Amino acid sequence: MQRRLLDAMAIVQRWGKPDYFITMTCNPYWEEITHNLMPGQLPQDRPDLVTRVYKAKQRDMMDLLSKGKHFGEVAAYVHVTEFQKRGLPHEHILLIMKTNSKLASPDDYDRVISAEIPDKEKHPVLHDLVVKHMLHGPCGELKKSCPCMIEGQCRFHYPRDFCDATQQGKDSYPIYRRRDDGRGVRIRGANLDNRWVVPYNPSLLMRYNCHINVEACSSINAVK
1 MQRRLLDAMA
11 IVQRWGKPDY
21 FITMTCNPYW
31 EEITHNLMPG
41 QLPQDRPDLV
51 TRVYKAKQRD
61 MMDLLSKGKH
71 FGEVAAYVHV
81 TEFQKRGLPH
91 EHILLIMKTN
101 SKLASPDDYD
111 RVISAEIPDK
121 EKHPVLHDLV
131 VKHMLHGPCG
141 ELKKSCPCMI
151 EGQCRFHYPR
161 DFCDATQQGK
171 DSYPIYRRRD
181 DGRGVRIRGA
191 NLDNRWVVPY
201 NPSLLMRYNC
211 HINVEACSSI
221 NAVK
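Residue 149 in UniProt numbering sits at position 149 of the sequence shown, and the numbers go up by one each step.
None of these hints come from the bench; they were simulated from the model. Here the structure is a predicted model, which means the values were calculated and not measured. A couple of the hints might just be wrong.
For lysine-lysine, the following DSSO-like pairs were computed, each having C-alpha atoms within a straight-line distance of at most 27 Å [claimed, not checked]:
hint : residue 1 : residue 2
1    : Lys-67    : Lys-55
2    : Lys-102   : Lys-17
3    : Lys-17    : Lys-67
4    : Lys-98    : Lys-57
5    : Lys-57    : Lys-132
6    : Lys-57    : Lys-102
7    : Lys-67    : Lys-122
8    : Lys-98    : Lys-17
9    : Lys-55    : Lys-132
10   : Lys-132   : Lys-122
11   : Lys-102   : Lys-69
12   : Lys-102   : Lys-120
13   : Lys-17    : Lys-69
14   : Lys-122   : Lys-144
15   : Lys-67    : Lys-98
16   : Lys-67    : Lys-57
17   : Lys-98    : Lys-69
18   : Lys-132   : Lys-120
19   : Lys-132   : Lys-144
20   : Lys-143   : Lys-132
Distance ranges between label pairs, derived from CB positions [claimed, not checked]:
hint : residue 1 : residue 2 : range
21   : Lys-132   : Pro-47    : 35 to 45 Å
22   : Asp-48    : Asn-191   : 36 to 46 Å
23   : Arg-14    : Phe-162   : 33 to 43 Å
24   : Lys-122   : Ala-10    : 38 to 48 Å
From the three backbone atoms N, C-alpha and C, an ideal C-beta is built for every residue, glycine too.
Given the sequences, and given the hints that come with them, work out the whole structure.
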C-alpha cells in the first residue's frame, strides 16, 4: 500500500495536483445483476456476478473519463478498487486534467457538478436517481445513531449550509451551490433538502444508475 501511495505521489509530482475526486459504488440492483439471479437468490449470494458486472461498468467509466473526454482532456489518472464491509466494490478515482480542461471558475464547477435536488417536473428520471443514490443521512439531530456520527457530529459534515452560489472553500474543495429553493423529499422518516445532497455529475449518474460522488479538488490530500 505504501508503494502504491508513492507511485501516486510520483504521478502528481509529474502532472500536478488532481482536479477531480470521484467515488463510484456498486449498485447490487443493476438489471445486469438482478436479471441473472436464480429464483430465491439475492445479490450477496452471487459475488462472482456482482464483481463481473461492476468491473464492466468500471471499465466503461474509466474509458469515458480518460478517452471519451467526459470532463475534458485528461493528463493522468489514479484509481483504486476497494470493498465495503458488506462486500460491495467501490472505486476511488483521481483525474488530473490538462491545462485547457481545468476548472477555473464557479461557473465551471456548476457546469459539471451539482449539489441540488433536480426539479421533478422537468427532470423526473434524474430527480429519482438523486433521491435514490445521492442523499446522505438522515443523521445529526434527525438520527443521532447514524453510523457516520462521531462525538455528536457527522464525519462527512452533513447537513451542509445553504449557499446561493458556488465559491471556493478554505480547504481543497469548493462550497457548492445549494439553494434554499423549497425542494425536498421524505426519506426514512425525515424531510431532506439540498443540504443533504452529495455532489454529483448528472450525466454520469444517469448513465450508471449508482452512487457516484464527483468532487472538484485541488490538493494532494485527496491522494492519501
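Now for the hints, and whether the structure bears them out:
1. With a C-alpha separation of about 17 Å, the suggested pairing of Lys-67 with Lys-55 holds against the 27 Å cut-off.
2. With a CA separation close to 11 Å, the supplied pair Lys-102 and Lys-17 stays within the 27 Å bound.
3. Of the supplied pair hints, the one linking Lys-17 and Lys-67 holds, its CA atoms being roughly 20 Å apart against a limit of 27 Å.
4. Pair hint Lys-98 plus Lys-57 holds up; C-alpha atoms about 25 Å apart against a cutoff of 27 Å.
5. For the given pair, Lys-57 sits about 19 Å from Lys-132 by alpha-carbon distance, which is consistent with the 27 Å threshold.
6. Distance restraint check for Lys-57 and Lys-102: the Cα-Cα separation of roughly 25 Å lies within the 27 Å cut-off, and the hinted pair is therefore satisfied.
7. For the suggested pair Lys-67 and Lys-122, the alpha carbons sit about 31 Å apart, so the restraint of at most 27 Å is broken.
8. About 11 Å separates the Cα atoms of Lys-98 and Lys-17, which keeps this hinted pair within 27 Å; it holds.
9. The suggested pairing of Lys-55 with Lys-132 holds, with an alpha-carbon distance near 22 Å, which does not exceed 27 Å.
10. The straight-line distance between the Cα atoms of Lys-132 and Lys-122 is roughly 17 Å, inside the 27 Å bound, and the hint therefore holds.
11. Proximity of Lys-102 to Lys-69 is assessed by CA-CA distance (about 12 Å); at most 27 Å being required, the pair is judged to hold.
12. Distance restraint check for Lys-102 and Lys-120: the Cα-Cα separation of roughly 31 Å exceeds the 27 Å cut-off, and the hinted pair is therefore not satisfied.
13. The suggested pairing of Lys-17 with Lys-69 holds, with an alpha-carbon distance near 18 Å, which does not exceed 27 Å.
14. Proximity of Lys-122 to Lys-144 is assessed by CA-CA distance (about 35 Å); at most 27 Å being required, the pair is judged violated.
15. Taken as a hint, the Lys-67 and Lys-98 pair is honoured in the structure, with Cα atoms around 13 Å apart against an allowance of 27 Å.
16. Proposed proximity of Lys-67 and Lys-57 is supported: the alpha carbons are some 15 Å apart, at most 27 Å.
17. With a C-alpha separation of about 11 Å, the suggested pair Lys-98 and Lys-69 falls inside the 27 Å cut-off, and the hint holds.
18. A hinted pair counts as satisfied when its Cα atoms are at most 27 Å apart, and Lys-132 with Lys-120 qualifies at roughly 13 Å.
19. Straight-line distance between C-alpha atoms of Lys-132 and Lys-144 comes to about 22 Å, which keeps the hinted pair within the 27 Å bound.
20. Only pairs whose Cα atoms come within 27 Å are accepted, and Lys-143 paired with Lys-132 is accepted, the gap being roughly 19 Å.
21. For the pair Lys-132 and Pro-47, the beta carbons lie near 23 Å from each other, so the given range of 35 to 45 Å is not met.
22. Checked against the hint of 36 to 46 Å, the pair Asp-48 and Asn-191 passes, with Cβ atoms roughly 40 Å apart.
23. Arg-14 and Phe-162 have their C-beta atoms about 40 Å apart, which keeps the hinted 33 to 43 Å range intact.
24. Taking the beta carbon of each, Lys-122 and Ala-10 are about 45 Å apart, inside 38 to 48 Å as hinted.
The structure shown violates the earlier hints numbered 7, 12, 14 and 21.
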